[in-house]
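> The lines below spell out each chain.
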Amino acid sequence: DAGVIQSPRHEVTEMGQEVTLRCKPISGHNSLFWYRQTMMRGLELLIYFNNNVPIDDSGMPEDRFSAKMPNASFSTLKIQPSEPRDSAVYFCASRSGLNEQFFGPGTRLTVL
Amino acid sequence: AQSVTQPDIHITVSEGASLELRCNYSYGATPYLFWYVQSPGQGLQLLLKYFSGDTLVQGIKGFEAEFKRSQSSFNLRKPSVHWSDAAEYFCAVGPSGNTGKLIFGQGTTLQVKP
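So the protein lines, in turn, are chains A and B.
If you count the first sequence from 1, you need to add 6 to reach our numbering.
If you count the second sequence from 1, you need to add 16 to reach our numbering.
Simulated from the structure, these hints should not be mistaken for lab results.
Only a predicted model underlies this, so the values are computations on that prediction, with no experimental measurement involved.
Only pairs whose alpha carbons sit at most 27 Å apart, straight line, appear in this in silico DSSO-like list of lysine-lysine:
| # | chain 1 | residue 1 | chain 2 | residue 2 |
| --- | --- | --- | --- | --- |
| 1 | B | 84 | B | 117 |
| 2 | A | 30 | A | 74 |
| 3 | A | 74 | B | 117 |
| 4 | A | 84 | A | 30 |
| 5 | B | 77 | B | 129 |
| 6 | A | 30 | B | 65 |
| 7 | B | 65 | B | 117 |
| 8 | B | 117 | A | 84 |
| 9 | A | 30 | B | 117 |
| 10 | B | 65 | B | 77 |
Taking beta-carbon pairs under 8 Å as the criterion, some of the chain A residues facing chain B (in silico):
| # | residue |
| --- | --- |
| 11 | 48 |
| 12 | 49 |
| 13 | 62 |
| 14 | 97 |
| 15 | 106 |
| 16 | 107 |
| 17 | 109 |
| 18 | 110 |
| 19 | 111 |
| 20 | 112 |
Beta carbons: idealized from backbone N, C-alpha and C, even for Gly.
Whole structure, please, built from the sequences with the hints as guidance.
Given below as structure tokens:
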């Protein structure tokens, strides 16, 4: 089992550019979560999907953020346009049923 | 409101000493409780979880935690700390219904002295 896969692992971009983060959940898991981690705010849940359907996006900071899950094996988190305050580590996690969440290695985003 | 509090932001212990990391939660129903560990530059790894049953749960890497409903606590313990245990530790609580949201504490950074 390869675990949750995220790409890229590191992303450096300039303010105003579009950023797309990608996640492949563990096969067979039916829930997927996007988190953001910063020193100031700790771990924040941005959005989660159940069976590819967004269930709760109340953590998405603003309209510049969007997430999709077109199928059970792929999800994207997009920021357009990006701003320096979006710099953080973004984690994807997946879960099967009521079991624990398995986290990916994260994408470290730096917006200059 | 649902919340998780980890009172200690930073803890330093000597290698071989015992460890206890505190976690208190506020939750209106029966909680699911988790401890995760995050090494530098890595994602979060589950150490242990409590759903129901025996209130003392064993995890990986020699860790254990005890659920105390009367104190709304789920403290993490290890009898003898190894240098490789230096990391950040997160306590989390989840709803007992069929939803996925976890509420995380702010984390405790553990430093291990040789």
